[in-house]
Amino acid sequence: GDSVTQMEGPVTLSEEAFLTINCTYTATGYPSLFWYVQYPGEGLQLLLKATKADDKGSNKGFEATYRKETTSFHLEKGSVQVSDSAVYFCALTRTGYQKVTFGTGTKLQVIP
Amino acid sequence: EAGVTQSPTHLIKTRGQQATLRCSPISGHTSVYWYQQALGLGLQFLLWYDEGEERNRGNFPPRFSGRQFPNYSSELNVNALELEDSALYLCASSLAGGPKTQYFGPGTRLLVL
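Just so you know, the protein sequences line up as chains X and A, in that order.
My numbering numbers the first residue of the first sequence as 1 and each following residue consecutively.
My numbering numbers the first residue of the second sequence as 1001 and each following residue consecutively.
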């Protein structure tokens, strides 16, 4: 079945540091890939998405590139801020299947 | 444009009771999804409704049920509540057809005592 594997957290970074959160997936066919963010006490917000190989999703300084050859969708940001502290979920959906398969989430803590 | 809304924000019940959670999708969205986010278990798919019909359900017992109304809003019912049902319940909506991007509401936090 479909699965998403994320790096375990928590990840603690200083403000302005470079962020990478690794995500790899297993799915047949050509899934769409997503990153969602959950701020403390809130629901999920869509951060970015990519629907086909080599697509790059970007939003709020975050980027992720759909790499089919490595089945990966790593999240990056060049300079994190304290306000980026949240839990980040990598996810996929597959054509014909409406449910979203989520990774376990990676908690990011950015310290001043 | 209003996002997905859910009510109530918090709900406290005792074991054996029933809980009803509500969700209003984004205007124009016809598909509604329910997910459970329990501590230590991540996000688990519960149910998918589209055009008033249940289209798919996750690996949850039948005491988790719901419905979708003609205005595409949805209700999740959990009967015979158990302590382990304590979780954040998230509703999402999307346009019809698939796979479409799902947009999530803020969630209902259910506590079963």
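The hints are simulated quantities; they were obtained by calculation from the structure and are not laboratory data.
Among the hints, a few may not be true.
Unchecked claim - Just some of the chain A residues that point at chain X, by a computed CB distance under 8 Å:
1. H1029
2. S1031
3. A1038
4. G1042
5. L1043
6. R1055
7. N1056
8. F1060
9. F1064
10. L1090
11. Q1102
12. F1104
13. G1105
14. P1106
15. G1107
Backbone N, C-alpha and C define an ideal beta-carbon position, used for all residues, glycine too.
ask   = Can you give the numbers of the hints that this structure goes against, from lowest to highest?
value = Violated hints: 1, 3, 8 and 9; rest satisfied.
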